[in-house]
Amino acid sequence: MTDTRFFDKKEGLTLGEIAKIGELKLPDGASLDRVFTDVASIDKAGENDVTWAFIPAMREPLKNTKAGAVIVPEKFLEFVPEGVLPLISADPHRSYGLVASAFYPTVVESYISDKAFIHPTATLGDGCRVEAGAFIGENVVLGSRCDIRANAVIEKGVQMGDDCIVGATATVSHCLAGSKVYIYPGAHIGQDGFGFAMSAKGPVKVPQLGRVIIGNDVEIGSGTTVDRGAMGDTVIGDGCRIDNLVQVAHNVKLGRCCVIVSQVGIAGSCEFSDFVVAGGQVGFAGHLKIGAGAQIAAQSGIMTDVAPGSILMGSPAVSRVEFMRQQIALQRLTKKKKEE
Amino acid sequence: MTDTRFFDKKEGLTLGEIAKIGELKLPDGASLDRVFTDVASIDKAGENDVTWAFIPAMREPLKNTKAGAVIVPEKFLEFVPEGVLPLISADPHRSYGLVASAFYPTVVESYISDKAFIHPTATLGDGCRVEAGAFIGENVVLGSRCDIRANAVIEKGVQMGDDCIVGATATVSHCLAGSKVYIYPGAHIGQDGFGFAMSAKGPVKVPQLGRVIIGNDVEIGSGTTVDRGAMGDTVIGDGCRIDNLVQVAHNVKLGRCCVIVSQVGIAGSCEFSDFVVAGGQVGFAGHLKIGAGAQIAAQSGIMTDVAPGSILMGSPAVSRVEFMRQQIALQRLTKKKKEE
Amino acid sequence: MTDTRFFDKKEGLTLGEIAKIGELKLPDGASLDRVFTDVASIDKAGENDVTWAFIPAMREPLKNTKAGAVIVPEKFLEFVPEGVLPLISADPHRSYGLVASAFYPTVVESYISDKAFIHPTATLGDGCRVEAGAFIGENVVLGSRCDIRANAVIEKGVQMGDDCIVGATATVSHCLAGSKVYIYPGAHIGQDGFGFAMSAKGPVKVPQLGRVIIGNDVEIGSGTTVDRGAMGDTVIGDGCRIDNLVQVAHNVKLGRCCVIVSQVGIAGSCEFSDFVVAGGQVGFAGHLKIGAGAQIAAQSGIMTDVAPGSILMGSPAVSRVEFMRQQIALQRLTKKKKEE
Numbered sequence: 002m003t004d005t006r007f008f009d010k011k012e013g014l015t016l017g018e019i020a021k022i023g024e025l026k027l028p029d030g031a032s033l034d035r036v037f038t039d040v041a042s043i044d045k046a047g048e049n050d051v052t053w054a055f056i057p058a059m060r061e062p063l064k065n066t067k068a069g070a071v072i073v074p075e076k077f078l079e080f081v082p083e084g085v086l087p088l089i090s091a092d093p094h095r096s097y098g099l100v101a102s103a104f105y106p107t108v109v110e111s112y113i114s115d116k117a118f119i120h121p122t123a124t125l126g127d128g129c130r131v132e133a134g135a136f137i138g139e140n141v142v143l144g145s146r147c148d149i150r151a152n153a154v155i156e157k158g159v160q161m162g163d164d165c166i167v168g169a170t171a172t173v174s175h176c177l178a179g180s181k182v183y184i185y186p187g188a189h190i191g192q193d194g195f196g197f198a199m200s201a202k203g204p205v206k207v208p209q210l211g212r213v214i215i216g217n218d219v220e221i222g223s224g225t226t227v228d229r230g231a232m233g234d235t236v237i238g239d240g241c242r243i244d245n246l247v248q249v250a251h252n253v254k255l256g257r258c259c260v261i262v263s264q265v266g267i268a269g270s271c272e273f274s275d276f277v278v279a280g281g282q283v284g285f286a287g288h289l290k291i292g293a294g295a296q297i298a299a300q301s302g303i304m305t306d307v308a309p310g311s312i313l314m315g316s317p318a319v320s321r322v323e324f325m326r327q328q329i330a331l332q333r334l335t336k337k338k339k340e341e
Numbered sequence: 002m003t004d005t006r007f008f009d010k011k012e013g014l015t016l017g018e019i020a021k022i023g024e025l026k027l028p029d030g031a032s033l034d035r036v037f038t039d040v041a042s043i044d045k046a047g048e049n050d051v052t053w054a055f056i057p058a059m060r061e062p063l064k065n066t067k068a069g070a071v072i073v074p075e076k077f078l079e080f081v082p083e084g085v086l087p088l089i090s091a092d093p094h095r096s097y098g099l100v101a102s103a104f105y106p107t108v109v110e111s112y113i114s115d116k117a118f119i120h121p122t123a124t125l126g127d128g129c130r131v132e133a134g135a136f137i138g139e140n141v142v143l144g145s146r147c148d149i150r151a152n153a154v155i156e157k158g159v160q161m162g163d164d165c166i167v168g169a170t171a172t173v174s175h176c177l178a179g180s181k182v183y184i185y186p187g188a189h190i191g192q193d194g195f196g197f198a199m200s201a202k203g204p205v206k207v208p209q210l211g212r213v214i215i216g217n218d219v220e221i222g223s224g225t226t227v228d229r230g231a232m233g234d235t236v237i238g239d240g241c242r243i244d245n246l247v248q249v250a251h252n253v254k255l256g257r258c259c260v261i262v263s264q265v266g267i268a269g270s271c272e273f274s275d276f277v278v279a280g281g282q283v284g285f286a287g288h289l290k291i292g293a294g295a296q297i298a299a300q301s302g303i304m305t306d307v308a309p310g311s312i313l314m315g316s317p318a319v320s321r322v323e324f325m326r327q328q329i330a331l332q333r334l335t336k337k338k339k340e341e
Numbered sequence: 002m003t004d005t006r007f008f009d010k011k012e013g014l015t016l017g018e019i020a021k022i023g024e025l026k027l028p029d030g031a032s033l034d035r036v037f038t039d040v041a042s043i044d045k046a047g048e049n050d051v052t053w054a055f056i057p058a059m060r061e062p063l064k065n066t067k068a069g070a071v072i073v074p075e076k077f078l079e080f081v082p083e084g085v086l087p088l089i090s091a092d093p094h095r096s097y098g099l100v101a102s103a104f105y106p107t108v109v110e111s112y113i114s115d116k117a118f119i120h121p122t123a124t125l126g127d128g129c130r131v132e133a134g135a136f137i138g139e140n141v142v143l144g145s146r147c148d149i150r151a152n153a154v155i156e157k158g159v160q161m162g163d164d165c166i167v168g169a170t171a172t173v174s175h176c177l178a179g180s181k182v183y184i185y186p187g188a189h190i191g192q193d194g195f196g197f198a199m200s201a202k203g204p205v206k207v208p209q210l211g212r213v214i215i216g217n218d219v220e221i222g223s224g225t226t227v228d229r230g231a232m233g234d235t236v237i238g239d240g241c242r243i244d245n246l247v248q249v250a251h252n253v254k255l256g257r258c259c260v261i262v263s264q265v266g267i268a269g270s271c272e273f274s275d276f277v278v279a280g281g282q283v284g285f286a287g288h289l290k291i292g293a294g295a296q297i298a299a300q301s302g303i304m305t306d307v308a309p310g311s312i313l314m315g316s317p318a319v320s321r322v323e324f325m326r327q328q329i330a331l332q333r334l335t336k337k338k339k340e341e
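Chains as they are written, first to last, in this note's numbering: chain A, 2 to 341; chain B, 2 to 341; chain C, 2 to 341.
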């Protein structure tokens with residue numbers, strides 16, 4: 002059960018609704034009118050809760066769950082205990098996300114605080130919420146149902162589509178964003194890239210004259226920094242998920258649905274194709290091309306272009322197989338030394 | 002001498018007060034009424050100052066100090082010059098911290114800015130300070146003497162105990178915190194964890210339905226991000242010290258008195274026992290158990306569970322001894338190559 | 002062409018003005034009155050634009066540029082096409098920065114928002130701009146033409162010179178800064194360093210009684226944290242450029258014109274000489290001395306002092322030559338293993 006101080010839950014959903022929302026296949030004869038009242042983890046779920054199980058480590062707990070229903074892949078059917086309703090999904094994680102989001106919908110209550118600053122030239126769509134201390138600058142254009150939280154700052158000229166959230170103290174400038182974009186608390190979008198000419202006479206600033214273009218359905222985590230382009234644009238493609246404290250430098254281009262885990266650093270002008278996954282703390286040198294579906298393990302250092310579908314590890318990064326060989330070789334070396 | 006533009010100092014403390022506060026043993030016959038007026042570093046301290054020395058590198062400077070008194074371990078007694086009063090401590094660093102805090106006490110002057118936003122349903126204890134631009138949401142409960150600084154944001158339902166500080170532009174949501182918790186400027190606590198199901202159809206959000214539970218006497222550094230739990234809670238135990246720009250992912254649990262240095266990344270669902278120390282930029286993969294008192298050197302990569310008391314280095318991390326062997330082996334290899 | 006929603010451009014500059022501003026040598030007989038209207042990248046520039054080319058990769062695009070004029074080093078003259086005016090520079094990157102800054106000058110329009118908080122004891126020079134939600138505390142002193150953006154926080158006693166910018170939601174405390182200092186959005190300057198004595202009884206805070214001293218012409222990136230000194234000061238020298246999400250711990254001293262790339266961590270009391278360059282994600286252990294002009298490659302780990310002019314790589318870092326040898330040795334080892 003979630004903490005009602007923080008979360009607003011729907012009272013209940015029928016099995017019929019759940020099946021439709023979650024893209025689920027029901028057992029023959031399941032009662033579509035049965036009401037479920039919450040989602041819960043496999044060990045805490047009760048008879049009115051929906052739970053889920055889809056990774057091997059969940060198989061044992063599944064056998065003992067007291068949940069009313071469980072979202073599972075077909076191959077887990079045999080582990081679902083008697084009396085628990087199996088809800089079969091081709092993608093149980095996705096199905097769980099859809100069902101849980103239906104129990105805990107994002108609702109934006111229209112409200113404009115008189116302690117917010119909204120420039121008279123700014124345009125807000127229907128149903129927006131602007132909390133105290135939020136700043137919305139000259140000529141900003143926001144779509145419908147945007148939620149601009151306390152002390153967030155949206156600087157002049159920024160445009161965002163519908164259903165966007167700008168978290169508390171986040172800042173957005175020089176940016177054009179699509180719909181369903183969630184900028185987390187304290188993320189910083191659109192500031193100057195790291196541009197200067199350094200010489201013995203000292204540094205000279207190189208003006209950063211580009212923008213940040215963000216697609217639809219994008220999330221950018223807390224503390225993450227996305228610099229605007231130096232001349233062209235920094236681009237974050239549709240469906241990208243960027244975790245906390247990531248650095249995205251000027252002119253970086255991310256394709257669709259890239260997943261960038263916390264504390265990754267992407268140097269200037271890198272271009273990622275679609276569905277690239279970078280683990281925590283990975284570093285990318287500048288001007289690299291990263292192929293579609295490449296997967297880079299945590300803490301890797303990428304210094305050259307990456308072919309599509311590659312799986313890389315280490316700093317400098319090599320293939321996973323080569324990395325394992327290196328580790329084994331190192332172990333053998335130190336063993337030899339002990340034996341000598 | 003500290004800069005009075007920034008620091009408010011007590012006029013003086015007697016030796017008797019200092020000894021009591023600092024858990025110090027005085028030499029026989031020391032005058033308890035002697036007044037000291039400040040703390041100072043060993044090379045700058047004068048006759049009315051208290052200084053301290055407890056690491057080997059301080060032994061030489063100690064011999065030349067002009068301080069009035071010096072906090073030392075018993076074994077440093079022989080290096081204390083004539084005319085300088087030795088104040089013996091079993092833990093000189095702790096004693097210095099206690100004495101310096103007595104000269105520079107944290108005083109919160111009760112004040113509520115009319116440029117703050119405080120929701121009518123919020124409850125503040127006695128003696129709180131709320132500066133301009135601070136935001137305190139619906140049903141927030143704060144204890145006594147809390148100091149909520151300029152443009153800090155405390156979102157709905159958050160509860161904090163007595164003597165808490167929320168620094169400028171820090172944000173706190175979905176959080177229950179104990180007393181004496183210090184959230185540094187620009188730290189972000191309680192936002193959504195990195196939860197989604199990614200597929201070829203794009204990402205689906207997995208609602209993050211847990212909280213952040215913080216114990217007593219905890220400090221969380223600037224720019225650090227602590228995500229709330231996905232289903233259960235993220236937990237920071239009593240006495241933890243977390244430095245700047247650290248990432249603590251959803252469902253992480255830290256035991257008591259863990260020390261997490263800057264830019265560490267802790268992936269989801271890791272569980273740390275008490276007194277774990279992680280050096281700067283260490284990365285922890287998800288779902289690991291880190292035993293009590295483990296010490297992880299800076300930049301290490303932890304990919305497996307860690308036994309209590311382990312001392313690890315490298316990425317992937319190995320024991321300190323093994324790490325040194327690897328380095329020596331590498332050096333020998335490259336030397337051989339040169340000789341060939 | 003830049004996006005006029007975000008950028009204000011001068012209408013035009015004459016060749017004579019451009020040559021003077023950019024420290025450029027013109028071909029004999031060039032018309033000093035010819036007017037240029039913008040800067041543009043080499044592939045997009047038209048006949049009224051100034052572009053630039055100075056790295057080998059730009060040689061081919063240069064041959065096909067349609068720009069009106071191009072800033073080049075003398076040795077690129079032969080690649081400048083007929084009809085394009087070559088503007089010769091001893092430092093083309095610097096020249097471009099100067100010229101582009103002239104087309105896009107930083108103009109601060111004097112304005113004080115009534116939604117800002119300015120303590121009655123604060124002193125602001127002529128022509129400052131203070132946006133809504135900004136906080137300027139007791140006894141703060143700002144020079145002329147400072148630009149304090151939305152929801153920025155400058156705490157009591159801080160002093161900054163002329164032409165400083167404090168970005169949206171940035172925080173500055175316990176700090177004395179020179180002129181032309183740019184604190185990016187969400188940077189945090191002057192908070193407590195990571196100071197405490199940990200023992201089995203728990204932590205005891207060690208008060209952080211120093212300051213942050215910042216020279217002239219310094220930029221500090223978004224999300225970067227610069228802690229104040231514990232007893233002495235943290236110092237950032239003239240002309241330093243610090244990128245996003247960098248950690249600068251208490252008592253660190255940076256010399257002149259150091260370049261610190263994103264996500265670097267510098268532990269307490271390190272001292273950098275002038276013109277040190279640290280690549281992304283480098284970590285420095287505490288109390289190290291880094292010699293003038295040292296260059297540290299991305300992701301390196303520095304555990305010992307560094308001699309002036311060194312070029313280091315790896316973790317722990319070695320010379321670039323040694324690092325390359327290590328990589329080759331590792332590759333040979335794994336190859337041998339495959340052959341065995």
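Treat the hints as calculated values from the structure; they're not laboratory data. One thing to keep in mind: the hints can contain errors.
[Unchecked claim] The list that follows gives simulated cross-link-like pairs (lysine-lysine, BS3-like), each with its CA atoms no further than 25 Å apart:
| # | chain 1 | residue 1 | chain 2 | residue 2 |
| --- | --- | --- | --- | --- |
| 1 | B | Lys202 | A | Lys76 |
| 2 | B | Lys206 | A | Lys26 |
| 3 | B | Lys11 | A | Lys254 |
| 4 | B | Lys202 | A | Lys290 |
| 5 | C | Lys290 | A | Lys116 |
task: Just pull the numbers of the violated hints for me, sorted ascending.
output: Per hint list: 3 and 5 violated.
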